[in-house]
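Number of protein chains: 2
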Amino acid sequence: MKTENRKEEIINISSKLFKEKGYSAVSMRDIAQAMGIKAASLYNHITSKQEILSIIILDVAEKFTRGMDRIVESEDNAIDKLEKIIELHVNVTVNNADALGSLNNDWMHLVEPQLSYFLKLRSQYEENFRQIVKLGVDEGHLEPLNVEVMLFSILSTLRTLYLWYYKKEGVDTAELVVQMKTVLLRGVVLKP
Amino acid sequence: MKTENRKEEIINISSKLFKEKGYSAVSMRDIAQAMGIKAASLYNHITSKQEILSIIILDVAEKFTRGMDRIVESEDNAIDKLEKIIELHVNVTVNNADALGSLNNDWMHLVEPQLSYFLKLRSQYEENFRQIVKLGVDEGHLEPLNVEVMLFSILSTLRTLYLWYYKKEGVDTAELVVQMKTVLLRGVVLKP
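These protein sequence lines map, in sequence, to chains D and B.
Each residue of the first sequence is one higher than the last, beginning at 1 in the UniProt record's numbering.
Each residue of the second sequence is one higher than the last, beginning at 1 in the UniProt record's numbering.
Wrong hints could be hidden among the right ones.
[As the list claims (entries may be wrong)] Computed list of lysine-lysine pairs in BS3-like fashion (alpha-carbon distance at most 25 Å, straight line):
no., chain 1, residue 1, chain 2, residue 2
1, B, K21, D, K21
2, B, K134, D, K181
3, D, K21, B, K120
4, B, K49, D, K21
5, B, K134, B, K49
6, B, K84, D, K84
7, D, K191, B, K134
8, B, K181, B, K84
9, D, K49, D, K120
10, D, K84, D, K63
11, D, K7, D, K63
12, D, K120, B, K21
13, D, K49, B, K21
14, D, K181, B, K84
15, B, K120, D, K134
16, D, K84, B, K181
17, B, K134, B, K120
18, B, K181, D, K191
19, B, K84, D, K191
20, B, K38, B, K49
By construction, these hints were calculated from the structure, which means they are not laboratory data.
Just so you know, these numbers come straight off a predicted model, no measurement behind them.
Bound-form chain D, shown alone (with noise of 0.2 Å):
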């Protein structure tokens, strides 16, 4: 097997482990194991326990941070906006349920310099979506509500959906995104 391969084999398996026991309760013997290897051959493809999480982390962050980019730069209006950061974290969510349990849960283990780095990305990422809610407000296509309970209410659910998507039976990814939009921008409550 490739190093490369090897190595995406240590960071999947960390994730899961990670994400059953939390990143703590993980050694690199335990990452050995499940991997059927000697722990010191971990060492030939990685530094650390701490190398791992932060591969973790960073990734799926920048994953966020490149989507919220192209859609910052993009020519759409808020709402429009809005959908795609919807669309955004339903298939990251999706495609990296792992991840995003040590993202959530264990960030605060990471240190320096990738503990800062992490958080620019994600107060940049909040920031963002702040401007994107009030742009909505400015131009009267979102309700004149306060800009942080409409931002915070909808990135709670969002930042959420990892620990609960796999429970909603019979929809499919598409069939999330097209839900979530109308849950999380149009409302529960059927128009007459």
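Given chain D, put chain B in place with the hints provided.
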């Protein structure tokens, strides 16, 4: 100071410490120090850190259950019931912000029989919420969307409210209730 008041003081100070550092990182000695008493004196009022945690979590879990029971028993339609659930969450959150940290992050440190009791309350709560959403769909008041998607979208926002509600500026509790009802039920997109 009366024993009852001293016990309440232990609970209040502990919830703050648990929220700041997490349950596992707080010792009985830390709690005593924060109260300016000797660790040994704590045991006149409380048997263990475990007992403190279960009082904090079960007290707030029972507040949610009692609130939900009243809503379920009422003659309201599904929309009114959902609005009352939102009101319940905002009020319990604003008045028990520290305890909600423990409820969300430290419930897994409960031991039996409190753990099973807590899980029973939580799943009954979700089931009551689910039945109200189903009723809303069946009666034609809610969009015919996937019930789990609607349930967990609304519930995720309500459950994480304690993390961000202090960020909204210039919105008091009553106003927050009004805004959350619009955001979670009627949607943020302005109707033409």
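> Taken at face value, is the distance from the CA of K21 (chain D) to the CA of K49 (chain B) at most 25 Å?
Replying inline: Status holds; Cα separation ~23 Å.
> Regarding the pair K120 (chain D) and K21 (chain B), is the alpha-carbon distance no greater than 25 Å?
Replying inline: Given that 25 Å is the threshold and the Cα spacing comes to 23 Å, the pair holds.
> Given the hint that K21 (chain D) pairs with K120 (chain B), does the C-alpha gap stay at or below 25 Å?
Replying inline: Since the Cα atoms of K21 (chain D) and K120 (chain B) sit roughly 23 Å apart, the hinted pair holds (cutoff 25 Å).
>> What's the verdict on K84 (chain D) and K181 (chain B), does the C-alpha distance respect the 25 Å limit or exceed it?
In response: 24 Å, holds
> K21 (chain B) and K21 (chain D): Cα distance at most 25 Å?
Replying inline: This hinted pair holds, its Cα atoms lying about 19 Å apart.
> Would the pair K134 (chain B) and K120 (chain B) pass a check requiring their Cα atoms to be no farther apart than 25 Å?
Replying inline: Distance of about 21 Å is within 25 Å: holds.
> Straight-line Cα separation of K181 (chain B) and K191 (chain D) no greater than 25 Å?
Replying inline: 15 Å, holds
> Is K181 (chain B) close enough to K84 (chain B), meaning Cα to Cα at most 25 Å?
Replying inline: 9 Å, holds
>> Please verify whether K181 (chain D) and K84 (chain B) have alpha carbons no more than 25 Å apart.
In response: Distance of about 24 Å is within 25 Å: holds.
> Can the restraint linking K120 (chain B) and K134 (chain D) be considered satisfied, given a maximum Cα separation of 25 Å?
Replying inline: With Cα atoms ~41 Å apart, K120 (chain B) and K134 (chain D) exceed 25 Å; violated.
> Hey, K49 (chain D) versus K120 (chain D), does the alpha-carbon distance stay inside 25 Å?
Replying inline: Holds. K49 (chain D) to K120 (chain D) sits at ~22 Å (cutoff 25 Å).
>> Given the hinted pair K191 (chain D) and K134 (chain B), is their Cα-Cα distance within 25 Å?
In response: 17 Å, holds
Going through the hint list in order, the structure does not satisfy hints 5, 6, 15.
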